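Asker: Chain by chain, the residues:
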Amino acid sequence: MRNAVVTDAAAAIAGLRDGHTVMVGGFGGAGMPPAIVRAVADLGVRNLTLVSNNAGASGDDLSLWFRQGLVRKIICSYPRNAKDFGAQYRAGAVELELVPQGTLVERIRAGGAGIGGFLSPVGVGTLFAAGKQSISVGGRDYLLELPLRADFAFVKGREADTLGNVTYNKAARNHCAVMATAADTVAVEVDRIVEPGALDPESIVTPCIFVDRVFVGVTA
Amino acid sequence: MRNAVVTDAAAAIAGLRDGHTVMVGGFGGAGMPPAIVRAVADLGVRNLTLVSNNAGASGDDLSLWFRQGLVRKIICSYPRNAKDFGAQYRAGAVELELVPQGTLVERIRAGGAGIGGFLSPVGVGTLFAAGKQSISVGGRDYLLELPLRADFAFVKGREADTLGNVTYNKAARNHCAVMATAADTVAVEVDRIVEPGALDPESIVTPCIFVDRVFVGVTA
Amino acid sequence: MNPLGRKALARLVGSQLPRDSFVNLGIGAPTQIADFVPPAAGVILHSENGLLNMGPAPLPGHEDWDLISASKSPVTLAPGGAFFDSSLAFAMMRGGHIDVAVLGAFQVSQRGDLANWSTGLDDGEPPGIGGAIDLAVGARSIWVMMDHVARDGAARVVAECTLPLTATRVVKRIFTSLAVIEVTAEGLEVSALLDGIGLDQLQACTGAPLRTAARVGSIAADGGLHWP
Amino acid sequence: MNPLGRKALARLVGSQLPRDSFVNLGIGAPTQIADFVPPAAGVILHSENGLLNMGPAPLPGHEDWDLISASKSPVTLAPGGAFFDSSLAFAMMRGGHIDVAVLGAFQVSQRGDLANWSTGLDDGEPPGIGGAIDLAVGARSIWVMMDHVARDGAARVVAECTLPLTATRVVKRIFTSLAVIEVTAEGLEVSALLDGIGLDQLQACTGAPLRTAARVGSIAADGGLHWP
Numbered sequence: 004m005r006n007a008v009v010t011d012a013a014a015a016i017a018g019l020r021d022g023h024t025v026m027v028g029g030f031g032g033a034g035m036p037p038a039i040v041r042a043v044a045d046l047g048v049r050n051l052t053l054v055s056n057n058a059g060a061s062g063d064d065l066s067l068w069f070r071q072g073l074v075r076k077i078i079c080s081y082p083r084n085a086k087d088f089g090a091q092y093r094a095g096a097v098e099l100e101l102v103p104q105g106t107l108v109e110r111i112r113a114g115g116a117g118i119g120g121f122l123s124p125v126g127v128g129t130l131f132a133a134g135k136q137s138i139s140v141g142g143r144d145y146l147l148e149l150p151l152r153a154d155f156a157f158v159k160g161r162e163a164d165t166l167g168n169v170t171y172n173k174a175a176r177n178h179c180a181v182m183a184t185a186a187d188t189v190a191v192e193v194d195r196i197v198e199p200g201a202l203d204p205e206s207i208v209t210p211c212i213f214v215d216r217v218f219v220g221v222t223a
Numbered sequence: 004m005r006n007a008v009v010t011d012a013a014a015a016i017a018g019l020r021d022g023h024t025v026m027v028g029g030f031g032g033a034g035m036p037p038a039i040v041r042a043v044a045d046l047g048v049r050n051l052t053l054v055s056n057n058a059g060a061s062g063d064d065l066s067l068w069f070r071q072g073l074v075r076k077i078i079c080s081y082p083r084n085a086k087d088f089g090a091q092y093r094a095g096a097v098e099l100e101l102v103p104q105g106t107l108v109e110r111i112r113a114g115g116a117g118i119g120g121f122l123s124p125v126g127v128g129t130l131f132a133a134g135k136q137s138i139s140v141g142g143r144d145y146l147l148e149l150p151l152r153a154d155f156a157f158v159k160g161r162e163a164d165t166l167g168n169v170t171y172n173k174a175a176r177n178h179c180a181v182m183a184t185a186a187d188t189v190a191v192e193v194d195r196i197v198e199p200g201a202l203d204p205e206s207i208v209t210p211c212i213f214v215d216r217v218f219v220g221v222t223a
Numbered sequence: 013m014n015p016l017g018r019k020a021l022a023r024l025v026g027s028q029l030p031r032d033s034f035v036n037l038g039i040g041a042p043t044q045i046a047d048f049v050p051p052a053a054g055v056i057l058h059s060e061n062g063l064l065n066m067g068p069a070p071l072p073g074h075e076d077w078d079l080i081s082a083s084k085s086p087v088t089l090a091p092g093g094a095f096f097d098s099s100l101a102f103a104m105m106r107g108g109h110i111d112v113a114v115l116g117a118f119q120v121s122q123r124g125d126l127a128n129w130s131t132g133l134d135d136g137e138p139p140g141i142g143g144a145i146d147l148a149v150g151a152r153s154i155w156v157m158m159d160h161v162a163r164d165g166a167a168r169v170v171a172e173c174t175l176p177l178t179a180t181r182v183v184k185r186i187f188t189s190l191a192v193i194e195v196t197a198e199g200l201e202v203s204a205l206l207d208g209i210g211l212d213q214l215q216a217c218t219g220a221p222l223r224t225a226a227r228v229g230s231i232a233a234d235g236g237l238h239w240p
Numbered sequence: 013m014n015p016l017g018r019k020a021l022a023r024l025v026g027s028q029l030p031r032d033s034f035v036n037l038g039i040g041a042p043t044q045i046a047d048f049v050p051p052a053a054g055v056i057l058h059s060e061n062g063l064l065n066m067g068p069a070p071l072p073g074h075e076d077w078d079l080i081s082a083s084k085s086p087v088t089l090a091p092g093g094a095f096f097d098s099s100l101a102f103a104m105m106r107g108g109h110i111d112v113a114v115l116g117a118f119q120v121s122q123r124g125d126l127a128n129w130s131t132g133l134d135d136g137e138p139p140g141i142g143g144a145i146d147l148a149v150g151a152r153s154i155w156v157m158m159d160h161v162a163r164d165g166a167a168r169v170v171a172e173c174t175l176p177l178t179a180t181r182v183v184k185r186i187f188t189s190l191a192v193i194e195v196t197a198e199g200l201e202v203s204a205l206l207d208g209i210g211l212d213q214l215q216a217c218t219g220a221p222l223r224t225a226a227r228v229g230s231i232a233a234d235g236g237l238h239w240p
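Residue numbers (the numbering used here), protein chains in the order written: chain A, 4 to 223; chain B, 4 to 223; chain C, 13 to 240; chain D, 13 to 240.
Bound conformation, chain A alone (with noise of 0.2 angstroms):
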C-alpha cells in the first residue's frame, strides 16, 4: 500500500537543487510549514525561485533563507515588513515578481489543474497590465495570466493518513492547499499522521493524489 510518510524535514526535501523554484504555503506564519523552512536553510541550496505570499517578518521564518542568500527570485503578493527580504532587496540582490494575491492563488491553481492561462480582470488600467496580453471578451478588458509551477511545494497541514490525503488548522488552510496541487515533488509537515480511514473523507481537503510526502514537525 502507498506510504508517503518520511522520517523528518531533510527527507521531506531530499532531491531539492540549486535553481529550484520552491512554493511554500502560508499566510504570515499560519500554514507555513517552520521544520521544513529550517530544512531547506540548513540545507543551504542557492538560487532558488521562491513563491509565497509573504517574505518572511523576522526571525525563525523565510527571513532565514534571505539571510543566507538562498533566494534569487521571489514571486510575491506581499513582501513588506519583511526586514531580511528587504535589505536584500535594497542591495538588488534579489528578484521580485509582484503578483496581486488572487492572481497568484489563481496562477498556482492553474499550474497544478492543467490550465494554460486565464483572463483576470484584475490589474487592468494599472502597472499590473504591463507586459501582459491584453484579451476583450464581451467588451471587457482582460489580462492573460499565466501558470505557475514548482518543483517543490512545501506547506502545513494539521492531519495526514499514511497514504498523503492532509486536512489543514483553521485559516492555515489558505495557499497550502492549491500549492500542493502545483509542485512536481510535495511534502506537507503535519502534527499528527493517522492511518487511512481515521480521516473523514468528506474532510480532507488535499487528497492523496497530490502528497508525495508528509512526516510530523516537530515543535521546539
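No lab work stands behind these hints: they were computed from the structure. Treat the hints with care, since some could be wrong.
Okay, derived cross-link-like pairs now, DSS-like style, lysine-lysine, Cα gap no bigger than 27 angstroms in a straight line [as the list claims (entries may be wrong)]: (1) Lys76(A) - Lys84(C); (2) Lys135(A) - Lys135(B); (3) Lys86(A) - Lys84(C); (4) Lys76(A) - Lys86(A).
Since this is a predicted model, take the numbers as computed values, not measurements.
Following the hints, put chains B, C and D in place on chain A, whose structure we already have.
Answerer: Same frame as chain A, now just chains B, C and D:
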C-alpha cells in the same frame, strides 16, 4: 441575522421566468435536487437554457422538463441514455451545446470566480475546437473557453445551517459546489437544516455567501 | 470642527453597512470598523485568507495563530463561520460575491479610480499589493475610508490620481474625516458633512468639483450620522 | 486462438498497472478491470465524479445512490478514500496527476490519436462526450482497451482515424483482444501476442504497420501474460 431558509421548493424557485438560464447539479441522480426539479415542472416555465451534466434518465428527474417541453437549449457533457431528451433532440425541438465535462465544470467555476475565460488543452485538434479562439502559450495550443453563469442554480446538499452554509453527501458534491457559486440566485435542497455553529467550519463546502435559499426536501 | 478621528470615522462607516450584508474590511484603518458594526445588523465579515463570519479578537491568552485576519492579527470565528482556501476566498472577491469592501486609500479620483497600494517609491521599502486589488475589482460596492487630506494638506479626493492606480472606476462612496461623498456618473456628490464644516470649506481642500445631494446628512464629532 | 473475452482482457490490463499508481478506469469495458487488480498492487482508483480510492461494489441491499462511480453504478469507498467536487476531480485529470487512464476506444492511430466518443452519427442518439476527453488529454499515460477489430472485421488500430477524434497523440499502449501494442515515436510495436497468433495474422487485421519489440510476451487465454 441572515436567514436563508424558505418553506419549500416552490419558494426556492420563486422568480424563475421563461427564458432563464438554469444550472442543475448532479451526476446521474446524485446531487440532483428532486423537489426543485418537480417544482419547476409544476411551474411550467418555458424556453429555459439548462446547464447540467446529464439530461435526465427516465422518470422523476430532468426527463420531466423535456417531456413537458420546458427547455429550449441544454449545455451538457453527456445527454445520452436520456429517453425524453433524445425524443426532443431528434425532433429538433431542443438545441444541444455539447461540452467536455471538465471544460463544463471549469467554465462554471470561471463564471462564479470572476474569471473572464481560460485556456484549455482539452479539445485541441478535435470537433470541440470549432468556433473557438486558439491561443498558443509556451509552444502548446489551447482553446479559449468562456465562463458560464446562470439566473438560478439548483443543487442538492446534505445539511445547511440557517445562514446558508452547505455540506454535501459523498459523491453528490460533484457539480453542485461550483454551480452554487455561479448563479444570481442559488437554491439548495437539503435533508436537514441546523442552527449556525452546528456544522464543522472545516467541513463546510459551500459557504453561505454563495447561497440565497435553503429548504428541506420532503422525500416521498 | 476637528476632522473625525479614526474611531469616529470607523463608527460612521460601521453604521452604514447594509443589513445582513457580506463585507470585507481592508487592512489598516478599515479593520477597526468591526468594533462598531451593530450586532443586530447581521453583517458577515469575510477575510481574504480564508474566513467567513469572522468574529472579534480573542481574549488575551486565547490567541490562535492559525486563526488570524488579513491583518495577521488573532481573531475568532463566529457561529456559522467557515474556513476555506485562498482560491475560494478570492473567487468570492473577484466573482462579485462581496456586497461591500471598505478600503483605505491614498487618492480617489472623481471617476472612482483608486490608488491605495504601497509602491515603495516613497519609503524605499519593497512594494506590496496583497489582495486589495482583487477586492477593488471584484466587490459589488467599494467604499473608501481615509483622511480627507494628506498630512501635507494635499487633496486626496482628486480630479485625476497621480499615484499608481489599484483599479479604475471602482469606488462608489468615500468616507473621509470631513464628509461622505458619493461617486456618481455626474461626478462627486456630498451626501453628508461634518458638523461645522460648509461645502465651500470642503471644496477648498478637495481636488475635484463637488455638488451636494438632494439631502445632506450631518456627521457628529463621534461619527454619528443624522439626517435633516 | 479465440480472441480474449472482456474478462480475460480486463485481467490482462489489471495485471500490468504500476504498483501504488493512481488510475482512472473509463466507463464501459475498463470498469471491469477493478475486479482484477491484485490487492497487493496498492492501486488507487480515481473516479471523475469526485472519488479517490474507490472500492468494490457494495453488497446487495447496501447500495448508496450518492456513492456511485462514473458509470453511475453503486460503489464503496476504501479506507483512506476522499470525496471532492468535480472541479478538483478534473484538476486531477487535466493537471497530470493520474498515472494511468484506461479507456475504451473505437479507433487508435499509429501516432496515438484516439477516437472513442459517441458522436451519435451511427445510432441516431444525441452525442455524448463526458469526461473521457479530459482524461485522454490529461492523464500521464493513456492505455486503450478494445477488441482488435470491429464487429464487421474492420481494423481499429489504424494509420489514420476516420472517426471524430477525442484527442491527438495521447495513447501510449493498446491492449486488444489479440495483442499488446506500444505506441512509440517510431510507430507501433507489438510487446505481447495472444498464444497461437502470429505477427502476420495480427498484421492482417491491423490498419498500420507493426513491428515486434525486442522481447514479446505471450498472452494466455485467461489474460495471463508470460515473458519468454
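Asker: Look at each hint and say if it fits the structure.
Answerer: Comparing the hints with the structure gives:
| no. | hint | in the structure |
| --- | --- | --- |
| 1 | Lys76(A) - Lys84(C) | holds (24 angstroms) |
| 2 | Lys135(A) - Lys135(B) | holds (21 angstroms) |
| 3 | Lys86(A) - Lys84(C) | holds (17 angstroms) |
| 4 | Lys76(A) - Lys86(A) | holds (16 angstroms) |
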